[in-house]
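K.L.:
Using the sequences and the hints given, assemble the complete structure.
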Amino acid sequence: MTPGADLGIFAISLAAGLIGALAGVGGGILVIPALTIGFGVDIHLAIGASIVSVIATSSGAAAAYVRDRMTDMRVGMFLELATTTGAVCGALLASVVTPAFLYVLLGLVLLGSAGLHVSRMGEETPPTDPPSRLATRLRLESSYPDRKLGREVPYSARRIPLGFVLMWIAGVVSGLLGIGSGVLKVLAMDGAMRLPMKVSSATSNFMIGVTAAASAGIYLGRGDVDPQIAAPVALGVLAGALTGARLLHHISNRTVRLVFLPVLIAVGLETIARGLGFGI
Amino acid sequence: MTPERFRALVSAVLIVGVAVSAALIGLGFVAALAVGWQGSLLGHANTSQATTDFSDLPSRLAVLEPAAISQLGLATLLATPVARVAASVMGFSLERDRLYAVITLAVLAVLLASIFVLR
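Sequence lines, in order, name chains A and B.
Under the working numbering, the first residue of the first sequence carries the number 1, and numbering increases by one thereafter.
Under the working numbering, the first residue of the second sequence carries the number 1001, and numbering increases by one thereafter.
Rather than coming from a laboratory, the hints here were simulated on the basis of the structure.
Just so you know, not all the hints are guaranteed correct.
Claimed, not checked - Residues of chain A clear of chain B, computed beta-carbon distances all greater than 10 Å:
| id | residue |
| --- | --- |
| 1 | F39 |
| 2 | V52 |
| 3 | A62 |
| 4 | R67 |
| 5 | M73 |
| 6 | R74 |
| 7 | E123 |
| 8 | R139 |
| 9 | E152 |
| 10 | R246 |
Unchecked claim - Facing chain A, according to a computed beta carbon distance under 8 Å, are these residues of chain B, among others:
| id | residue |
| --- | --- |
| 11 | R1007 |
| 12 | A1062 |
| 13 | A1067 |
| 14 | S1070 |
| 15 | Q1071 |
| 16 | L1077 |
| 17 | I1103 |
| 18 | V1110 |
| 19 | I1115 |
What the hints assert, rightly or not - Okay, the calculated beta carbon distance ranges per label pair:
| id | chain 1 | residue 1 | chain 2 | residue 2 | range |
| --- | --- | --- | --- | --- | --- |
| 20 | A | L93 | B | R1098 | 31 to 37 Å |
| 21 | B | V1016 | A | H249 | 32 to 38 Å |
| 22 | A | F101 | B | A1012 | 22 to 28 Å |
| 23 | B | P1003 | A | P262 | 33 to 39 Å |
| 24 | A | L261 | B | A1086 | 33 to 39 Å |
| 25 | A | G4 | B | M1001 | 48 to 54 Å |
| 26 | A | T2 | B | L1112 | 38 to 44 Å |
| 27 | A | V104 | B | G1043 | 50 to 56 Å |
Cβ atoms here follow ideal geometry from the backbone N, Cα and C, with glycine treated the same way.
P.N.:
Structure below.
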């Protein structure tokens, strides 16, 4: 890579880290096409760099989110049980299932959820019904400090079994297809479990690093992680994620939804394109 | 352990992981600008190894290969989430939250199994 290309990759990665930290996703959607189309990087090295990007976004943003009580660590750990076992199942299935139609199916599901997401667009905080018995038992109820609203916002997880199953599916999908694990996590927490959008995003950020770490060893061993590409990506994403994590406090839940929507649609379209054989 | 200290512990693990990996990746990157990704800061002959090869890191670090320095940083970054889960096991145990200590331990076990078995 020339210094000019290094700078370009750094800048794109900075944007990916910033958006990723706000939306609760890893930024692969931006990093992979930018590297392959923009800089002619081999697809395997681009995917290897995107795994690095996911972990950098997650660790960089979560360091601040955990400290500031934006991440719900119990929700995160409970659901990681579903995503990690799902990811293992997905990786095992990868050798027997032809994923072409699964890509299309996932893409359609994501675009469908974009519709549901739009219908919740104006919602600042979810309705506060008394917590269910399961939520109390699993301690999946808490509150987060919202500096934009200037108050503590209480919440409790709804439809926990559904959320758990959706998270397992998110794990299978990321193990099988290696795409969209962040958007699915945000959708499961915001859409199904009705956690506040910022908590969903911050908790997804916390979780995606673990999902990615589960498969990182495979990519490393395969020779898909090249420091010539991954170094500028990691540095850019870290800088972006640290900036994004500061920014989250100053914007509303509605704005976070607005940032998430185009990411959701882009991942949906890219997933369908992959299934139809337009490799990106 | 209070919830505040638990959060501080997990946050500290992430900050240290991120800071150490960023420093190493950045150092390797700057060194590569000086002597190239295939070079060595001690002026050793090109080992002709691909920069994607993570084996033999110690001996390549000994001759200060820029690629090896960045690779150590990348490996540290990839290990950070695992360290975070391990710290959470400790945190939930110290908080005497047995349910979540067990849940987190199970996550750590699946995580380690997927890293060391599925390859």
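K.L.:
Check the structure against each numbered hint from earlier and tell me which ones fail, lowest number first.
P.N.:
2, 3, 4, 5, 6, 8, 12, 21 and 22
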